[in-house]
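Student: Assembling the complex is the task here: the two chains are given apart, and the hints tell you how they should meet.
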Amino acid sequence: MTDRPAHNTTVHVDRLDELVKLVRQCGQSGQAMVDYGVAHGGLGHPPPAGHVRLIQYGGVIEHYERDFVVRVAAGAALGDVQAAMASRGQFLPIEAEEDISIGEIINHNVYGPLCVRFGAMRDLLLGLRYVDGQARDVHVGGRVIKNVAGYDLTRLMIGSLGQLGVIYEATMQTYAIPRCVMSVDLSIEDPVAIDHGMPLWLVTDAAPSWLCLHRQANRWIGQLGFFGRGSSCDVQLRQLETLLQQMAGVHILGASHTTLATVRAQGSAYRRWRRIAAAMVKIIVPPAVTGQTCRKLVEQFGPYPLLSIDALPSRGCIWVGGALDALEAMELDQLTTPLLTAVGGVRVWHARPTDGETIAPFGPSQADWPMLEKIKAAMDPRDIFNPGRFLPAQEPAAV
Amino acid sequence: MASIQTAINDLRQVVGDAGILTDRDELLVYECDGLSVARGRPSAVVFPTSTEQVVACVRVLAKHNLPMVPRGSGTGLTGGSVAFVQDVLISTARMTRIESIDLENRMAVVQAGVLNTALSDAVARAAAAARADSGTTLAPGGLHFSPAPSSQHASTIGGNAATNAGGVNTLKYGVTSSHILGMEMVLPDGEILTTRAGALRDGIGPDLPGLLCGSEGTLGIITRLWCRLSPRPQHFRTVYAVFSSTPSACQAVSDVIAAGIVPAAMEMMDGQMIRVVEQAFGYGFPDEAQALLLIEIDGVEHLLDDELNEIVAICERNGAQEVRHCSDPVRREELWQVRRRTFGAIGRLHTAYFTQDACVPRSKLAEVVAHIVEMGKQADLTINNVFHAGDGNIHPIFFFDDDDPDQITHAMRVSEKVLEYCVAMGGTISGEHGIGVEKIALMPVMFNPATIDTFQRIKNAFDPRHRINDGKLVPSDTLRIELLTHH
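Those protein sequences? They're chains F and E, same order as listed. Position 385 of the first sequence, counting from 1, maps to 385 under our numbering, and the rest follow consecutively. With the second sequence counted from 1, adding 399 to any position gets you our numbering.
Be a bit skeptical, because a hint or two may be false.
[What the hints assert, rightly or not] Non-contacting residues of chain F with respect to chain E, defined by C-beta distances greater than 12 Å in every case (computed):
#, residue
1, Arg15
2, Val60
3, Ile100
[Stated by the list, open to error] With the C-beta cut set under 10 Å, the calculated list includes, among others, these residues of chain E facing chain F:
#, residue
4, Ile403
5, Ile407
6, Asp501
7, Ala564
8, Ser577
9, Gly581
10, Ala598
11, Gly604
12, Leu610
13, Ser653
14, Val661
15, His701
16, Asp790
17, Gly826
18, Asn859
Calculated directly from the structure, the hints in this document are not laboratory data. Since the structure is predicted, the reported quantities are computational estimates derived from the model, not experimental observations. Just so you know, even glycine gets a beta-carbon here, dropped at the ideal spot from N, CA and C.
Okay, chain E solo, but in the shape it has when bound (with noise of 0.2 Å):
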């Protein structure tokens, strides 16, 4: 304890008295992330805003030999920035600075901290003051940082990239490594990493930052990074479709994927799951409604009507009750609306959930969306579908009530069961929320002995003496963090 009390001492004089936490209330905050089952209380939380005072930080913890756990907002939902052995949080949540903004080579430098949204904004910003600068319709413009996870207004792009974050457009622009040219770590010996920094699409020798991507804080903390910007789509068309049956509905993405067609999205939501948000919001859904698919398609406005129309038959094609679609922005964002506010309509009527996260081939959609149903029924469990089938990204949502112990653990259970169906239907246990500590114990399922072994190697190359959120992603010889057993 002393160690912890002398270290924190040290940190303060790195970060001053406004840049830490110690108290026991306002650590509450810190006990979990989106995985409100996974909780710890770290024993401080401090907020560096440099690279440089994030390597005092560090080299603090490594000369006590304390553990840490880095963090940015705290949106993940697999416990992976939480703190389960007293380890002291390193947030970069106050490293909010855009360093430098570069239209011409469509890239942006920024601190760890910057929220997803806040780059595209400033993107958006900088090209603007560019055409008026230059007076002339060639000023480039129209960039943005793509990549777009459900908590982009409040998660940071170091976050997204730690975990790789993917988000309803993946399916066109791919996820969070796709978009990150290079970046700046601080090593778990305080060591600065610097990968392919600049510009530069390419580099020498096996690709560094695509390894560091989706790392979940486990080699290192991330200070700056090097962001891709790309051409912001301009022309849309969004369709809404509603299905008597789910299974048609699915057969109706994995058609459109086959006709070629490649939507900037394409979310589905099932029959219970529709009846949450009417229940909520009455948007007038069919009583018979099983599955609602919206889709959107972005590119050539000459192209776009064409593919409406094939998308359209397509569903027609598949029993669609309910055809709708759309060119308008004000349309668009009605009928996104219906998909943004499924977890609002959930809050609205259920006290406690978690959802899960696997990703399985797009052809099986309809098999596993029906089994993973029928799953829930044989628990006594419900289970509501909201997810990403242009991705094959599903996220069941289990219901529980938090008061009762057991009926945590068998939703737990019952979930495990659902991602190790989804391997055997050749998919992952995680198509973008990352594995953090919920998932750790399913890694034998995924990867072979020598796989897991390989992943050992990699974090001990980076963190030898395991210092840095030890005991998530990769399982661990030095400290083992089983979910179910804590309840």
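Just chain F, with the same shape it has in the complex (with noise of 0.2 Å):
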């Protein structure tokens, strides 16, 4: 490394000093470190000229297989540290695309359908080291299931979108791979039934490890699954049978035992069409009103065939978009408007079309954003962490 990056310039990271020293420089220099991911590219404010762009080395640090507890370096695959962990009979129960770092799924707060039993990256990380602003090595959290001592960082850097520091290294807790899996595959008449059905499936012994909504060639899929042992995979099976009975309009397509890969490889075929997109937006929902904001986007937004939607109902994620030009995609962003205001949802615009800059990229504006920016004036003083991606751009403060 030089002493001062060259503009616009992709810098490999491999070790902690590398990364010290490249903050420092960049710091002194005033240029931007940008890292968006492979997948977030499009989420947010552009990055400004001039910017470093950061790749960062990944890998299983270590493996505390009795504890099923796992460190690795922020730039580890998801898809490997799984391999990882799966030839140790354990998993990490997030679900996203296989070239997707660790440090870009806290960054981003990315989870899937898993959510509805394991939660997400709030419920599973254990410790982080960061270099913050003043290019300073940051540890917070541990490698111990409890701890409250000091300031959660841990929590606070996930979803923060890369804009308070660098993560360098993730621990984090792992599961035991279920011995039994079972996926089964309903039809949907109407998403609103999996408003009414979500409250008692969860409190029941039908109580899915995994949920997911698709809207597919005008058809609603719903997909859930059950992890056990022996036998209870077809006991809930039943149970799910005899609540579906008291529901109109959602039918078991089938259902089958399978293995957790399956499930991983299915989910990621589903999601797939995220990641094509030219217009994607993330909309967050109270959970009890997922499927009815589901089936308003497509009333609302019907004459569109190319309208993709996935949903996390548990959780009340939607994603919604497809191969929309510019137009369509500012009009979806109006419709979503009174959806998310008479809900008090929010969104987050993932990809949009490259002329339909003019959409807000996040919304509605939330009152604790001003708290925001003075943890991250606190956090990053010289404003060099993906500067504006969220948080406006500041003054560099005297640090």
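Tutor: Next up, the structure:
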């Protein structure tokens, strides 16, 4: 590395001391360090010109196998971590594309259908090391399950969009690969049925280990499944069948014993559209109106056959988008405004057509953003990390 | 002094005569929390009943440049809600309104002073009413507020969030912050900060509620919380195993985890603690018992017996002298009584003790517990252990004579050595009690200077004038409260 990285270069960092040096150089030269990840390049305001793009080393540093805890370098791809864990009969209950790094998952709070049982990074992340805006090595949390020493900066970093520091190491909980896995596909005439059914499923023996909703070829498909031992999955399926007898318009299309790897591969296939969509927005609503919101989106945006929708009903999370042009994307943006206002939801655009920049990447604005700006100024006083991506670019403060 | 008296008069205007205590005798109760060796008398205690009153109280104190300390029920164990510099205590104990329960979205909105168990009781009533109204089995129900610290009948949800409280069920269900969706906090200048409010499970940007949980009242006063409700487990199996060696019991814990079983609770007490309980209540434990393990699993009824059999086999393989198990609620309660009565048993035999709190990797439990007992012997101190074994969250209990200041100081010094040892073993100085003033001197053992500086920067972002709970959790340049020098 030179004393001052060239503008618009990509720098590969393998070691902590290299990262510290790079952050120090960027701080001194006023250059932005940018890391939007491989799957979130369109999320937020674009990076400033003349930035340095960061690519980090990845790999499993240590697997505390008997403790069900793993420590990884932040650049580790999820697929590589899962493969390493699988060789020891364990897995990380986060579903995402295999090439997404652990750092990217934390920065963007990535989660998938398993969140209905295992939660999200907030529930799995035990410790972090990151380099802050003053090029210092900060350690928070650790490798134990419970830890209330100091402010919980591990959780603060989740979803921070890489604006508070550069994560270079993460420690997370893992779980045993289930001995028995059953996958169930549901045909759903009206997604509102999910809103009615979910509160009951979750408090019965039919509580799924994963749950998601997709719109495919103008049909709604629900996918859920059970993790267990022995014949417990069959028992859960029978319980689900009983429950569905009381719900009109929801039918089991098929159920089969399968493996975690197969479930993961199927999930990846379902999610593929999100990676290539010209326009895609993530909507968060109260869980009980997930199906209702999905239905309204289709009803009001129906003429466009290319509209794809995925949803995680237990979390009220909906991804909607497709091959939309700028006008269509703006129409979708305007359409979601009253839907979100009515239920107190929020939206984050993950991809906007190139000539659709007038679409605000986040909204509506939230009451805690001014405090987040103060926190950003405290942790990254020179505004080095992903400046302006979410929190507005700042005048660099004296350090 | 004139400033304090003027401020008290102003506070009285806000909360009325019934909402403020200033009498020295009445203030005595507020001199400490659960850490009885850390004492300080407040200038006054105010009891606002609404966010608006909290704002008004904070503004009065800001105007008079007086320090303040937030307090819930005062069940904390680290001196975190004690006024050491004649601060005014702002108690949220009378903010007890459950504002709404939303069964469909599995969420409740509560004022900060609502008791932990009061919320789950109210949720059960709301679910029953919903079932009765709808006349259908499809009505939602069976939800509760999952965090269950030992103090749950007395502690407030605001206090649980401020300390990120744990408890016996965190192994499977997580600590308090996993169950807080959002919160409202009154900042030290009287501004109201509202984070991700509502039923949303996600938001935009950094997870601010995650930061505020466990901030121990050093950033502001939590006044309202949006709580996640979780399915209440319906089916249980409870296992009780007695071992003649503590390492064997710890190995059983490790083996259960390694088998991929995630129990709802896995509690242990060591041989000395068993004898204390036996002496007090006469359960008939074997004389040679060195460890008692209480394991509970919950979930799908059909799955439980398989897991139960595996747990029993693991205990037996590790040399358990006696293994009992049950599925009926009455017997289950009897088994849990053994654990719940431990502190009652201690109280019958010892007048003074404090409970330490640390967390270590579960695979190192056996080694750590044996070493702590040895440290006690070498220091000529009685240290008993009762702990959340499944989390690796140990609670060594130090006994001392509270009429002997030297003995108190000695016990506290040994306790610090125990914590340093736990950090060296890959653990932390606090698993669930927090830092408060008790452990603040140990923060540099746990964290490097850059991390501590970051904590201070966060503190300054919220409280630039250090008005609220200064000297707790984060080492402060403006106020140092060192318990050991007090004794």
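Student: Next step is simple, just say for each hint if it's right about the structure.
Tutor: Now the hints, each set against the structure:
1. Arg15: holds (18 Å)
2. Val60: Per Cβ check, F/Val60 is outside 12 Å of chain E; nearest 17 Å; holds.
3. Ile100: holds (17 Å)
4. Ile403: Hint violated; E/Ile403 Cβ to chain F Cβ min 30 Å, cut 10 Å.
5. Ile407: violated (31 Å)
6. Asp501: At about 8 Å, which falls below the 10 Å cut-off, the nearest Cβ of chain F leaves the hint on E/Asp501 intact, so it holds.
7. Ala564: E/Ala564 check passes; min Cβ-Cβ to chain F is 8 Å, inside 10 Å.
8. Ser577: holds (5 Å)
9. Gly581: holds (9 Å)
10. Ala598: Result: holds, 4 Å to nearest chain F Cβ.
11. Gly604: Result: holds, 5 Å to nearest chain F Cβ.
12. Leu610: With a minimum Cβ separation of about 4 Å from chain F (threshold 10 Å), the hint on E/Leu610 holds.
13. Ser653: holds (6 Å)
14. Val661: holds (7 Å)
15. His701: At 4 Å from the nearest chain F Cβ, E/His701 passes the 10 Å test, so the hint holds.
16. Asp790: holds (5 Å)
17. Gly826: holds (5 Å)
18. Asn859: With Cβ-Cβ at 7 Å, under 10 Å, it holds.
In this structure, the earlier hints numbered 4, 5 are contradicted, and the remaining ones agree with it.
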